[in-house]
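So the protein lines, in turn, are chains D and H.
Our numbering puts the first residue of the first sequence at 1, with every later residue one more than the last.
Our numbering puts the first residue of the second sequence at 1, with every later residue one more than the last.
These are computed hints drawn from the structure, not numbers from a lab.
Do not take every clue at face value.
Computed cross-link-like contacts, SDA-like style, restricted to lysine to any residue with a CA-CA straight-line distance of at most 25 Å [as the list claims (entries may be wrong)]: (1) H:Lys97 with D:Phe65; (2) D:Lys78 with D:Ser98; (3) D:Lys24 with D:Ser98; (4) H:Lys3 with D:Ser101; (5) D:Lys24 with D:Asp57; (6) H:Lys97 with D:Met60; (7) D:Lys68 with D:Glu83; (8) H:Lys69 with H:Ser53; (9) H:Lys97 with D:Pro102; (10) H:Lys3 with D:Ser73; (11) H:Lys97 with D:Thr13; (12) D:Lys68 with H:Lys97; (13) H:Lys97 with D:Asp57; (14) D:Lys24 with H:Lys69; (15) H:Lys3 with H:Asn23; (16) D:Lys78 with H:Ala63; (17) H:Lys97 with D:Glu14; (18) D:Lys24 with D:Ser58; (19) H:Lys3 with D:Glu44; (20) H:Lys97 with D:Glu62; (21) D:Lys24 with H:Asn23; (22) D:Lys78 with H:Gln42; (23) D:Lys78 with H:His19; (24) H:Lys97 with H:Leu39; (25) H:Lys97 with D:Ser87; (26) H:Lys97 with H:Gly29; (27) H:Lys97 with D:Val12.
Residues of chain D placed beyond 10 Å of chain H at every Cβ, according to the derived structure [stated by the list, open to error]: (28) Gln17; (29) Arg22; (30) Asn50; (31) Pro70; (32) Pro84; (33) Ser95; (34) His104.
Note that beta-carbon positions come from the ideal geometry of N, C-alpha and C, so glycine has one too.
Here are the chains, one letter per residue:
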Amino acid sequence: DAGVIQSPRHEVTEMGQEVTLRCKPISGHDYLFWYRQTMMRGLELLIYFNNNVPIDDSGMPEDRFSAKMPNASFSTLKIQPSEPRDSAVYFCASSFISMNSPLHFGNGTRLTVT
Amino acid sequence: DAKTTQPNSMESNEEEPVHLPCNHSTISGTDYIHWYRQLPSQGPEYVIHGLTSNVNNRMASLAIAEDRKSSTLILHRATLRDAAVYYCILRSSNDYKLSFGAGTTVTVRA
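Using the sequences provided together with the hints, build the complete structure.
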């Protein structure tokens, strides 16, 4: 398996623009997680899905952020409108439903909002 | 979320063992102890996990205190490629999320 695939690897956009980050989880995994990493706040869980259904979105910073999982092989994280403080590395991870199943992370998308 | 406490940083010499401590005094009976590491410019990577008994795998060993209030990740022979941030995380069986703390930055000297 190719692992968790995120695109794009880098995104530079201007304040106010819409940004869409994409994630393809490992085939067969039941859970999908979106994290954000900054120097100041470290790794923060934004939202996670079980079988395409959002379970906990309490980490989503505000209404400008939204995440969807239309099917088992694809998820998006959208920021509209983007702000400079959204600049961070965004990671997607997936896992099986078992507590013994580790999370597999993608290589992340580095977002820069100018 | 139950909290963990780790030292900010540790240094080691190449080919020597590294013992990374983690305190989790508020751990509950349903919490698993997970360790992940993050190499520079990469996403976190699973290392090992356990519930009550000590665990070994090809990457590391996990020693869990009898009262489960602390644990130690052991890298038996550190290499330069082991330089990373190591995270000790409690994962509850009541939900499946992982909440990361600041971790321990491990530096390996050649």
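Verification of the hints:
no.: 1; hint: H:Lys97 with D:Phe65; verdict: holds (19 Å)
no.: 2; hint: D:Lys78 with D:Ser98; verdict: violated (28 Å)
no.: 3; hint: D:Lys24 with D:Ser98; verdict: holds (20 Å)
no.: 4; hint: H:Lys3 with D:Ser101; verdict: holds (21 Å)
no.: 5; hint: D:Lys24 with D:Asp57; verdict: holds (19 Å)
no.: 6; hint: H:Lys97 with D:Met60; verdict: holds (14 Å)
no.: 7; hint: D:Lys68 with D:Glu83; verdict: holds (20 Å)
no.: 8; hint: H:Lys69 with H:Ser53; verdict: holds (13 Å)
no.: 9; hint: H:Lys97 with D:Pro102; verdict: holds (11 Å)
no.: 10; hint: H:Lys3 with D:Ser73; verdict: violated (33 Å)
no.: 11; hint: H:Lys97 with D:Thr13; verdict: violated (30 Å)
no.: 12; hint: D:Lys68 with H:Lys97; verdict: holds (18 Å)
no.: 13; hint: H:Lys97 with D:Asp57; verdict: holds (11 Å)
no.: 14; hint: D:Lys24 with H:Lys69; verdict: violated (37 Å)
no.: 15; hint: H:Lys3 with H:Asn23; verdict: holds (8 Å)
no.: 16; hint: D:Lys78 with H:Ala63; verdict: violated (41 Å)
no.: 17; hint: H:Lys97 with D:Glu14; verdict: violated (32 Å)
no.: 18; hint: D:Lys24 with D:Ser58; verdict: holds (22 Å)
no.: 19; hint: H:Lys3 with D:Glu44; verdict: holds (14 Å)
no.: 20; hint: H:Lys97 with D:Glu62; verdict: holds (20 Å)
no.: 21; hint: D:Lys24 with H:Asn23; verdict: violated (35 Å)
no.: 22; hint: D:Lys78 with H:Gln42; verdict: holds (22 Å)
no.: 23; hint: D:Lys78 with H:His19; verdict: violated (41 Å)
no.: 24; hint: H:Lys97 with H:Leu39; verdict: holds (21 Å)
no.: 25; hint: H:Lys97 with D:Ser87; verdict: holds (23 Å)
no.: 26; hint: H:Lys97 with H:Gly29; verdict: holds (16 Å)
no.: 27; hint: H:Lys97 with D:Val12; verdict: violated (29 Å)
no.: 28; hint: Gln17; verdict: holds (25 Å)
no.: 29; hint: Arg22; verdict: holds (15 Å)
no.: 30; hint: Asn50; verdict: violated (7 Å)
no.: 31; hint: Pro70; verdict: holds (21 Å)
no.: 32; hint: Pro84; verdict: holds (22 Å)
no.: 33; hint: Ser95; verdict: violated (7 Å)
no.: 34; hint: His104; verdict: violated (7 Å)
Hints 2, 10, 11, 14, 16, 17, 21, 23, 27, 30, 33, 34, counting from the list given before, are not met by this structure.
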